[in-house]
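Undergrad: Construct all of the structure, not just a fragment, from the sequences and the given hints.
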Amino acid sequence: MENIKKRTIDEIRQVKDTVYTPPLSHDDAKKEKNVEIDPIHVEELIKNFSNDYDLGHELRTYYLKLCGKL
Numbered sequence: 158m159e160n161i162k163k164r165t166i167d168e169i170r171q172v173k174d175t176v177y178t179p180p181l182s183h184d185d186a187k188k189e190k191n192v193e194i195d196p197i198h199v200e201e202l203i204k205n206f207s208n209d210y211d212l213g214h215e216l217r218t219y220y221l222k223l224c225g226k227l
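For what it's worth, the numbering used here labels the leading residue of the sequence shown as 158, then goes sequentially.
Keep in mind that the hints are not guaranteed to be accurate.
What the hints assert, rightly or not - What follows is a set of in silico ranges between Cβ atoms, one per label pair, in the way DEER data are often shown: (1) 166 to 214: 56 to 62 Å; (2) 223 to 176: 33 to 39 Å; (3) 202 to 181: 31 to 37 Å; (4) 179 to 201: 38 to 44 Å; (5) 192 to 167: 47 to 53 Å; (6) 223 to 170: 48 to 54 Å; (7) 167 to 220: 45 to 51 Å; (8) 194 to 164: 32 to 38 Å; (9) 218 to 176: 39 to 45 Å; (10) 197 to 226: 20 to 26 Å; (11) 216 to 181: 29 to 35 Å; (12) 203 to 179: 34 to 40 Å.
None of these hints come from the bench; they were simulated from the model. Glycine included, C-beta positions come from ideal geometry on N, C-alpha and C.
TA: Written out as structure tokens, the structure is:
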């Protein structure tokens, strides 16, 4: 009878030691800077825009201007 090779648990499970490296495009989200939103300006927007849709549009525009994306 042939000798059976003793295997380690890793060999039995066929574990591969691999490391996931995310693509460079995922690093863009980490690079965003914190912006200081002026609460007084937000209150003015709330008073001027009674419609939530329009208010949301103006808030997003204000945020994008602060981030320098507009």
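Undergrad: Indicate, hint by hint, whether the structure satisfies it.
TA: Taking the hints in turn, this is what the structure says about them:
Checked against the hint of 56 to 62 Å, the pair residue 166 and residue 214 passes, with Cβ atoms roughly 58 Å apart. For the pair residue 223 and residue 176, the supplied restraint of 33 to 39 Å holds, since their beta-carbon distance comes to about 37 Å. Here the CB-CB span from residue 202 to residue 181 is close to 36 Å, well matched to the stated 31 to 37 Å. Our hint of 38 to 44 Å for residue 179 and residue 201 holds, since their Cβ atoms are close to 40 Å apart.
For the hinted restraint 47 to 53 Å between residue 192 and residue 167, the CB-CB distance of approximately 48 Å keeps it satisfied. Between residue 223 and residue 170 the CB atoms are about 51 Å apart, so this pair conforms to the stated range of 48 to 54 Å. At about 50 Å, the CB distance of residue 167 to residue 220 agrees with the hint of 45 to 51 Å. Range check, residue 194 to residue 164: Cβ separation about 60 Å, and the 32 to 38 Å hint is violated.
Separation of residue 218 from residue 176 is about 41 Å and conforms to the stated range, judged on CB atoms against 39 to 45 Å. Separation of residue 197 from residue 226 is about 22 Å and conforms to the stated range, judged on CB atoms against 20 to 26 Å. Under the hint 29 to 35 Å, the C-beta atoms of residue 216 and residue 181, about 30 Å apart, fit the expected range. Evaluation of the 34 to 40 Å hint for residue 203 and residue 179 yields a pass: the beta carbon distance comes to about 38 Å.
Hint 8 from the list above is the single one not met by this structure.
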